[in-house]
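Asks: Sequence:
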Amino acid sequence: MKYRLSIVLFLMCFFALAQEQSSNYRSKKVSVRDTIVIDSVSINPSRFIVKDKFGELIDSTLYIIDYSKAVLTFNRTVTNDSIIIEYLRYPEFLTKTYNQLDRSIIVEDTKDLDKLYKLSQPSESTSFTPFDGLSTSGSISRGVTIGNNQNSVLNSELDLQITGKLNDKVSLRASIQDANIPLQESGYSQRLDEFDQVFIELFSDKWKIRAGDIDLTNKGSYYANFSKRVQGLSVAVNLDHPESKTQMTASGALVRGQFATSQFRAQEGNQGPYKLQGPNGELFVLIVSGSEMVYVNGLLLERGENKDYIIDYNAGEIIFNSTFPVTSEMRITVDYQFSDRNYSRLVAFGGANYETEKLKLGVSVYNENDAKNQPLQQNLSEEQVQILADAGDDNSLMIAPSAIPEPFNENRVLYRKEIINNEEVFVFSSDPDDELFSVKFTLVGDNQGDYIVSNTSGLSTIFEYIAPINGVPQGRYAPIIQLIAPTKLQIAVFNGTYQPSEKTNIGFELAASKNDLNLFSDKDDSNNDGVAAKFSVNQFLKKSDSLWNINAIFDGDYIDDNFRTIERLYRPEFIRDWNIDQPTSSQNINGLGNQIFATSGIELMHPKKGIASYQFEHLNFANNFNGNRHVLAASLKMNRFNIFSNSSYLTANSTSNKSSSQSNKPLSFASR
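Residue numbering for the sequence shown is 271 to 942, as defined by this note's numbering.
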């Protein structure tokens with residue numbers, strides 16, 4: 271009996287200890303800062319793990335932890351905006367303060383006994399006053415412009431910030447920045463404070479509502495990754511469960527910019543300005559401030575007078591600073607958003623994320639489309655709408671005559687119709703008795719049109735017909751206009767990650783898209799729908815905080831030929847690395863068939879000595895291309911030497927050519 275009683279007491283102590291250890295376990299998700307205070311008491315060094323927001327471990331060489339003060343300090347820049355910290359607190363009986371006497375009742379020595387006691391005051395309920403906790407700050411300025419050849423002009427600018435609490439649970443934040451001259455900043459500074467920015471935000475611990483100018487982003491998806499500056503409404507709700515949490519978001523807005531990519535080669539010794547063109551060859555584009563990303567030979571540059579480049583958003587021009595000299599061998603890629611005002615463009619985005627300790631699931635839907643019945647820069651007639659309906663997705667067929675009957679006006683350049691060589695042409699006329707037309711001429715290229723510029727007056731440019739020679743046009747202009755069709759893009763995504771153990775991470779993503787290039791037409795709609803899938807596995811074969819870590823990876827993509835993304839999917843140099851002969855003005859690789867892209871490899875990492883990796887990549891397009899690529903990279907610290915290397919070897923076959931290439935970045939050594 272005594273033996274059984276001893277076993278029972280031992281088990282009770284064991285389970286009590288296990289319960290105490292589990293109660294001291296903490297897991298926190300915090301935003302990334304240089305210095306993070308983890309807890310108010312010291313923490314146990316026996317277990318301390320830092321993960322990124324996707325659940326992957328962060329290398330311990332990137333931070334320093336003071337266990338006694340519970341302070342985490344990053345010694346290098348971390349790309350994530352939030353991290354997850356898992357640690358153990360010391361038991362409460364070790365961190366609790368013990369006093370033999372209550373110091374709060376000890377008073378100084380006095381002979382006045384009346385000070386040793388006082389009557390308690392009755393408790394009074396305080397009434398709540400709405401908007402009592404709000405604080406405002408900002409400025410309003412006035413300016414007068416006076417010139418000897420102009421009237422005086424009054425300029426004004428308002429910058430108002432409102433913050434505070436509406437009650438104990440709801441807070442308010444608002445910003446109003448307005449100027450009577452709605453211009454964008456030229457972008458010659460590293461930070462942009464845009465004019466005409468207005469938003470108001472209500473938030474609590476579990477929800478947030480923002481109306482006005484918002485930055486709409488989706489960084490948790492592979493195929494639907496995007497960032498847009500829009501004007502609308504955004505709602506976010508957080509739901510906490512005992513062992514999980516759910517986050518739901520919904521947004522609807524007017525789009526301020528449309529994604530585009532401009533690529534060109536630099537000129538030797540020419541720092542700029544370099545003109546950015548729109549996706550349809552537009553020479554004059556208004557770029558949304560702060561939306562650009564500039565790559566040179568695949569490397570991302572920084573904006574600023576003391577950095578790599580400056581940009582004029584109104585003119586759509588980029589200038590490289592003298593601190594970053596450009597050469598003719600440089601490949602420049604600029605991703606940006608430009609103001610497309612052909613139609614009112616609407617965007618809607620909604621999604622939900624469910625997260626437990628080991629499983630994360632997400633679903634999202636994105637819709638961006640033009641309001642085809644609300645054109646802005648073009649007033650479409652019934653004939654022009656019919657032209658768009660008959661054109662399908664072919665831009666070359668979206669061309670309409672530009673002549674419009676108009677009564678005589680001495681302040682306008684008008685034309686009459688004449689028959690020359692059995693051709694109906696337009697001839698400039700100032701005769702009020704003629705049947706006159708207002709004609710817009712479009713530049714179509716050398717020997718592509720039948721009109722040339724004959725005279726430039728103070729009113730407008732006058733065009734003159736020139737007859738073809740041997741059937742070859744001799745002009746550069748034609749009396750036509752290019753019609754722009756309304757478009758629509760929809761993407762639905764379902765993704766998730768599963769971490770069965772500390773060393774294993776499995777991820778997947780399924781996506782479907784619908785891209786209609788002409789909402790007025792039902793033609794060519796057979797290629798509107800596309801699908802894509804992604805699967806990845808990350809397995810640590812050996813994991814240690816102080817020794818070499820071995821990590822095996824696999825990543826596979828399948829992309830249907832008709833699938834479309836919102837923004838760029840791969841790195842800017844992806845097509846060049848694979849020696850694919852195709853223009854890359856779009857974020858998609860089109861016309862080569864269904865795509866399979868697989869990557870497998872192994873990584874060796876040491877917290878003090880660096881990292882070395884080998885990857886085998888396979889890329890296949892069903893109709894044109896099949897290639898294999900070997901990539902070897904190293905960044906090592908060996909005693910006093912730093913070793914850096916990045917090499918690749920490619921073998922590829924296509925219907926147009928067969929290639930084998932090798933790319934090496936020189937092996938470099940640096941000693942200390």
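If you're looking for bench data, these hints aren't it; they were derived computationally from the structure. The reader is advised that the hints may include incorrect statements.
As the list claims (entries may be wrong) - Here are the simulated lysine-lysine pairs, BS3-like style, with alpha carbons at most 30 Å apart:
| hint | residue 1 | residue 2 |
| --- | --- | --- |
| 1 | Lys687 | Lys878 |
| 2 | Lys710 | Lys813 |
| 3 | Lys489 | Lys784 |
To be verified - Computed beta-carbon distance windows for the label pairs:
| hint | residue 1 | residue 2 | range |
| --- | --- | --- | --- |
| 4 | Asp336 | Asn909 | 24 to 32 Å |
| 5 | Asn894 | Lys489 | 26 to 34 Å |
| 6 | Ser474 | Gly574 | 49 to 57 Å |
| 7 | Ser796 | Val300 | 44 to 52 Å |
| 8 | Ser352 | Ser598 | 18 to 26 Å |
| 9 | Tyr919 | Leu472 | 50 to 58 Å |
| 10 | Val300 | Asp851 | 22 to 30 Å |
| 11 | Asp851 | Glu575 | 37 to 45 Å |
| 12 | Val302 | Val507 | 19 to 27 Å |
| 13 | Val300 | Gln370 | 52 to 60 Å |
| 14 | Thr712 | Leu472 | 44 to 52 Å |
Glycine residues also receive a C-beta, built at the ideal position from the N, C-alpha and C atoms.
Asks: Could you tell me which of the numbered hints above are not met by this structure, giving the numbers in increasing order?
Replies: 1, 2, 6, 8, 10, 13
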